[in-house]
Amino acid sequence: MTTTLYTSDHEWLAIEGDVATVGITDYAQQQLGDVVFVELPKVGRALKKAEAAAVVESVKAASDVYAPVTGEVLETNAELAAEPALVNSDAQGKAWFFKIKMADRSELGGLMDEAAYKAHTA
Amino acid sequence: MLARDDQDSLKRTPLHGLHVSLGGKMVPFAGYDMPVQYPAGVLKEHLHTRNAAGLFDVSHMGQIALRPKSGRVEDAARALERLVPQDIVAIAPGRQRYAQFTNADGGILDDLMVANFGDHLFLVVNAACKEADEAHLRANLSGDCGIDSLTDRALIALQGPRAEAALAKLCAEAPAMKFMDSGPRKVAGLDCFVSRSGYTGEDGFEISVPAADAERLAKALLENPDVLPIGLGARDSLRLEAGLCLYGHDIDTATTPVEAALEWSVQKSRRSGGARAGGFPGAEKILAHFDNGAARRRVGLLAQGRAPVREGALLFADSAGGEPIGQVTSGGFGPSLNAPVAMGYVPTASSALGTQLFAEVRGQRLPVAVAAMPFVKNTYKR
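Note that the protein sequences, when read in sequence, are chains A and B.
For the first sequence, the tail end lands on 122 under my numbering, and the numbers increase by one without skipping.
For the second sequence, the tail end lands on 382 under my numbering, and the numbers increase by one without skipping.
For the record, the hints were derived by calculation from the structure and aren't laboratory data.
Among the clues, some could well be false.
Derived lysine-lysine pairs resembling DSBU-like cross-links, with alpha carbons at most 30 Å apart [stated by the list, open to error]: (1) Lys219(B) with Lys169(B); (2) Lys94(A) with Lys44(B); (3) Lys118(A) with Lys44(B); (4) Lys44(B) with Lys219(B); (5) Lys94(A) with Lys25(B); (6) Lys219(B) with Lys60(A).
For reference, chain B alone in the conformation it holds in the complex (with noise of 0.2 Å):
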């Protein structure tokens, strides 16, 4: 248990008072007094957002403006290039991309979202590392750009088939918008920053508030009957069932994009050949992923049995004996498969679908197999 003085250090987003009134059950998350889950309870929540809609306080990740120093909003997407693999000249104006900063070896310092807002980028980056993000931001784009963390804003995400009707009551705008969609909106009135996104594998949407506004739009948007609230841990089992990584577990400074599994993320511009290839940080390293493959791979692991194998078992090869292959990264019970469901690192060799793998779980070895991602089919509004 936390003794009382780090409780009172941790902070508190603009929701905190209506989390606790809404029963949460609080937990510190990346420095922050978070609601892990409310009295529905994680299974609940999880399933809830699947069939209908949820609402997740997610004001604790960072929101950043890059405004170029130009006007011109394609000089912050060069500038950003210049820390990023992926193509963020080519994002189109109201639209937004996923993204990750590297480092010098490849490996991945934080993933984020990049908008294009017309005169200028909006970032959302990870709670833990948004400090170290915006440094990193100032280190290297303050020539180019204004670096603003825009701490005064909340945001709100807001998942799940039905959320597109239950944000239309409040924004007629909303239906029209595709996956990935971003950029300024009126919602209940009040000056919001909507993108249609999440990170759950539904259809649904992530709305920036102003602080002070946080607690009335969530709670007209919990006035709907279809609407509960969610908590980190059913966030946590339905990303894990989309497959999406999470940022110090399933990628880290020692893994990069393409061991990842998430060549996809980068574009051909960026690639070997590409009309802006590499001048990245770690191109060299990451483009030879690209061009001769890496030596290890994230892959999705579905066990056989009924006992959820979790991150830090240990992969194997072989039912006994043999030192191991590779390490669960992510794993816990799918409520939506009824299932346990992981992911983690294997060779490269071991890493198609289907391959027979051994998870050591309290010294026995329970078979699991690799698999397809996402474990549950998303539903984007493409």
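The shape of chain A in the complex, shown without the other chains (with noise of 0.2 Å):
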């Protein structure tokens, strides 16, 4: 059982048990405009909750990519790496980022739902 939730700057978690799968959502991909460029934390790396984990840059600008929790990074996606454009054309799906191992699965409280974020960026 898969749930998926959301940070307020626009990274989604996929969690099943204590590891986490982050990406960018669409909303994100949609702002940033085409994307030529994606920058991946360490396989290995120990990550602090908001610490910038990763950086995706468009055509125009570099966006860091926060650590939704804290943890360590377990797989990064090579595909994506190869081929940065794959967040324009699958943000939530294909363009995921990293899988983290979550230290505190008590920080998860702290992010938001499917509905709530569409609030969010409504």
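With the hints as a guide, bring the two chains together.
In structure tokens, the structure reads:
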């Protein structure tokens, strides 16, 4: 059973057990425009909640992607590094950024469900 | 985000309503509410301009007529030569030339286009500088010239390999024009000024049209399926690939034309030993740069990786340690190259093609090499 939650900074997390898959939302990719480069964190890196974890660059600007929770990076999306435009075509699917092993599930309490995120971006 | 008051104070070009109706994403630029992109997006708009034709609203730029009080255009040309290092006298009727207003330190106040319309000169200047430029002209040339800001005109750029065919349907004379030809022409029956020029590296035209007719002309051009509206985002990536300077970024009051690698724009007649050498602001310093070289120089930079190197990135000689030797002034992703491109200033000793440098991006030093510009070959119709 996967639960998807959202941050106010437009990251999404798909949660299975104590692992969260993280990406940016479709709303975020629409705001960014054409994505041309994605910088992903190294596997094994310990991330603190709200720390800059990845960078997504559109034609015009670079934007940070923040760690939505504290934990260790388990895996990054090699397909995304090779084809950054996946962020535009499938932001909440194939264009996941990294998987993180969560250190403290209580941090999830501050995140939004889909209905709350929709209201946030309305 | 801008407060509502700020948005309301932004000026609008005569094509503002058209931009909004075409889905343009509007942003503040040089005091105007301008389209940064349309629904197609920057990448597609950029590539469409390189492959077909793009229509750009550049009405925010200043258009100024310099009318000689004597009635002889060469008197206006001689007068303007007091403010720019270019040979203005030699611009033949119906021709246009790129120039720079310089200051007493040899820096650049603005860059501009100067056309000889037979009985007067026609100038196109940057939006952010246009009021200062007009004041500068008035302060220095009022004795010789009438200075008219043509605020009742819009300016449309049509750029790309199919621009000629698209414009030919509305202006039979367009195909006969060569690069930098410029003058009054009828377009769709309207009284326009047409130049075969632009700022994308592509063949194309800039069309000055009375403001009241601008939307009609733009719509007539956009009826052609080869022509798409293009926003400021792609305009910037196109001019960057073309190796062209953006005022306030790649050139400013602290850069001389020689430092900016714009020597080609200064004719021999104005250089040391020329028939009308000097006589423009900062001539001593600029001519010394011509004669002895400048300590630094604008160069093109190609990154070896995929990460864009943007404006402000510091440049280093080595992969670790040392002081920065220069800085990137424009940089981003080049859609036609499918790779990052940048330009910046480095010491002349480090400006040779192929010189290996490092650009600092988010704390990492990324390898970049000094590269020839333009990054994308221009296709001007000479």
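Holds or violated: Lys94(A) with Lys25(B), Cα cutoff 30 Å?
At roughly 27 Å apart (the allowed maximum being 30 Å), Lys25(B) and Lys94(A) satisfy the hint.
Agreement of Lys118(A) and Lys44(B) with the hint, judged by alpha carbon distance not exceeding 30 Å:
The given pair, whose Cα atoms are some 29 Å apart, holds under the 30 Å limit.
Does the structure keep Lys94(A) and Lys44(B) at a Cα separation of 30 Å or less?
holds, 22 Å
Hey, Lys219(B) versus Lys60(A), does the alpha-carbon distance stay inside 30 Å?
Distance ~28 Å between Lys219(B) and Lys60(A) Cα, so the pair holds.
Checking one constraint from the list: CA of Lys44(B) to CA of Lys219(B), max 30 Å. Satisfied?
holds, 20 Å
Does the structure keep Lys219(B) and Lys169(B) at a Cα separation of 30 Å or less?
Status holds; Cα separation ~13 Å.
Going down the numbered hints, you'll see the structure goes against none, and every one checks out.
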